[in-house]
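Visitor: Spelled out from the first residue to the last, the chains are:
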Amino acid sequence: DVKVTQSSRYLVKRTGEKVFLECVQDMDHENMFWYRQDPGLGLRLIYFSYDVKMKEKGDIPEGYSVSREKKERFSLILESASTNQTSMYLCASSRGLTTRFGSGTRLTVV
Amino acid sequence: AQKVTQAQTEISVVEKEDVTLDCVYETRDTTYYLFWYKQPPSGELVFLIRRNSFDEQNEISGRYSWNFQKSTSSFNFTITASQVVDSAVYFCALRFPSGGYNKLIFGAGTRLAVHP
Numbered sequence: 002d003v004k005v006t007q008s009s010r011y012l013v014k015r016t017g018e019k020v021f022l023e024c025v026q027d028m029d030h031e032n033m034f035w036y037r038q039d040p041g042l043g044l045r046l047i048y049f050s051y052d053v054k055m056k057e058k059g060d061i062p063e064g065y066s067v068s069r070e071k072k073e074r075f076s077l078i079l080e081s082a083s084t085n086q087t088s089m090y091l092c093a094s095s096r097g098l099t100t101r102f103g104s105g106t107r108l109t110v111v
Numbered sequence: 061a062q063k064v065t066q067a068q069t070e071i072s073v074v075e076k077e078d079v080t081l082d083c084v085y086e087t088r089d090t091t092y093y094l095f096w097y098k099q100p101p102s103g104e105l106v107f108l109i110r111r112n113s114f115d116e117q118n119e120i121s122g123r124y125s126w127n128f129q130k131s132t133s134s135f136n137f138t139i140t141a142s143q144v145v146d147s148a149v150y151f152c153a154l155r156f157p158s159g160g161y162n163k164l165i166f167g168a169g170t171r172l173a174v175h176p
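First to last, the sequence lines map onto chains L and A. Throughout, this note's numbering is defined as the position within the first sequence, counted from one, plus 1. Throughout, this note's numbering is defined as the position within the second sequence, counted from one, plus 60.
In isolation and in its complexed conformation, chain L is listed as follows:
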């Protein structure tokens, strides 16, 4: 069964910590995305990548960075976590008109 796998379902981190959210896809998709989901705001795009080592800012990149060293893996990095980054983070991958999503990581920053 093809899938997008996010390494953690729930994560609790302290303010100021460096946080890594990992995402792996097994569909050989070129494009990968990180979204943030907040109530009343839907999904907002943080960053995306269209190829290995390539990245583009989405709509809300501030406070985040990403890494894509291998085609199947796309990491979201919070350099210094803050409480306003408490949210649900969804990873996705796509090729053509098909987009598949992971189950999300609920991050709480305390």
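Hints were generated in silico from the structure; no laboratory data involved. Take the hints with a grain of salt, since some may be wrong.
Stated by the list, open to error - Listed below are the simulated BS3-like cross-link pairs for lysine-lysine, each with C-alpha atoms no more than 27 Å apart in a straight line:
1. K56(L) to K63(A)
2. K56(L) to K19(L)
3. K58(L) to K63(A)
4. K72(L) to K54(L)
5. K76(A) to K58(L)
6. K130(A) to K63(A)
7. K63(A) to K98(A)
8. K71(L) to K4(L)
9. K98(A) to K4(L)
10. K54(L) to K4(L)
11. K19(L) to K72(L)
12. K56(L) to K4(L)
To be verified - Just some of the chain L residues that point at chain A, by a computed CB distance under 10 Å:
13. Q7
14. D29
15. Y36
16. Y65
17. R69
18. L79
19. Q86
20. M89
21. S95
22. T99
23. R101
24. G103
25. S104
26. G105
Glycine residues also receive a C-beta, built at the ideal position from the N, C-alpha and C atoms.
Here the structure of chain L is known, so what remains is to put chain A in place on it, guided by the hints.
Guide: For chain A alone, kept in the frame of chain L given last:
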């Protein structure tokens, strides 16, 4: 501006009722795609339907139906005879075929609760 609006934040119905989820979009492009996704409590967004801007035919799939009207920039989703398993958050999304690397622009989502 490119935008998707789902004005209904939450809807609560009793099982077997019909329910319509509204979606209104904004774009100046003539070619685009519209999607509906379902997000059950497990968290993963599940694809329901895709429509391109040149195909205004309504679609029916079992208890689900979609009404696409370019004249009103709407792509509404109706669930007939709702069931408890339909309880989820539903997202409408917009995408463009060229550039943007398949980025999806999402609405805020509508939380549907179906009670027994």
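Visitor: The structure should be examined with respect to each hint, and the outcome stated for every one.
Guide: Against the structure, the hints come out as follows:
A hinted pair counts as satisfied when its Cα atoms are at most 27 Å apart, and K56(L) with K63(A) qualifies at roughly 23 Å. Taking the CA atoms of K56(L) and K19(L), the gap is near 20 Å; set against the 27 Å cutoff, the hint holds. In summary, the hint linking K58(L) to K63(A) is supported, as the alpha carbons are separated by about 18 Å, within the 27 Å threshold. A C-alpha spacing of about 9 Å is found between K72(L) and K54(L), which places the hinted pair at or below 27 Å, so the restraint holds.
For the given pair, K76(A) sits about 44 Å from K58(L) by alpha-carbon distance, which is inconsistent with the 27 Å threshold. A C-alpha spacing of about 15 Å is found between K130(A) and K63(A), which places the hinted pair at or below 27 Å, so the restraint holds. In summary, the hint linking K63(A) to K98(A) is supported, as the alpha carbons are separated by about 19 Å, within the 27 Å threshold. Between K71(L) and K4(L) the alpha-carbon distance is near 16 Å, which keeps this suggested pair within the 27 Å criterion.
As the CA atoms of K98(A) and K4(L) are separated by approximately 16 Å, the hinted pair is consistent with the 27 Å bound. Taking the CA atoms of K54(L) and K4(L), the gap is about 22 Å. The hint holds against a cut of 27 Å. With a C-alpha separation of about 23 Å, the suggested pairing of K19(L) with K72(L) holds against the 27 Å cut-off. With a C-alpha separation of about 22 Å, the suggested pair K56(L) and K4(L) falls inside the 27 Å cut-off, and the hint holds.
With its C-beta approaching chain A no nearer than about 9 Å, Q7(L) sits inside the 10 Å limit, and its interface hint holds. Against a cut-off of 10 Å between C-beta atoms, the interface hint on D29(L) is violated, since the closest Cβ of chain A lies about 15 Å away. With a least beta-carbon distance of about 8 Å to chain A, the hint placing Y36(L) at the interface is held under the 10 Å criterion. Interface hint status for Y65(L): violated, as the beta-carbon distance to the closest one in chain A is roughly 16 Å, over 10 Å.
With its C-beta approaching chain A no nearer than about 13 Å, R69(L) sits outside the 10 Å limit, and its interface hint is violated. Proximity of L79(L) to chain A is violated relative to the hint, the smallest CB-CB distance being about 19 Å (cut-off 10 Å). Checking Q86(L) against chain A: minimum C-beta separation of about 18 Å lies over 10 Å; hint violated. Restraint check, M89(L) versus chain A: the minimum CB separation of about 7 Å is within 10 Å; hint holds.
Nearest Cβ of chain A to the Cβ of S95(L): about 4 Å, under the 10 Å cut. The hint holds. With 10 Å as the threshold, the beta carbon of T99(L) comes within range of chain A, its nearest partner Cβ sitting at about 8 Å, so the hint holds. Taking 10 Å as the C-beta contact cut-off toward chain A, the hint placing R101(L) at the interface holds, the least distance being around 8 Å. With its C-beta approaching chain A no nearer than about 7 Å, G103(L) sits inside the 10 Å limit, and its interface hint holds.
Hint status for S104(L) relative to chain A: holds, with the closest Cβ pair at about 4 Å, below 10 Å. Satisfaction of the interface hint for G105(L) is found here, the shortest Cβ-Cβ separation to chain A being roughly 4 Å, below the 10 Å cut-off.
Taken one by one, the earlier hints fail for this structure at numbers 5, 14, 16, 17, 18 and 19, listed in ascending order.
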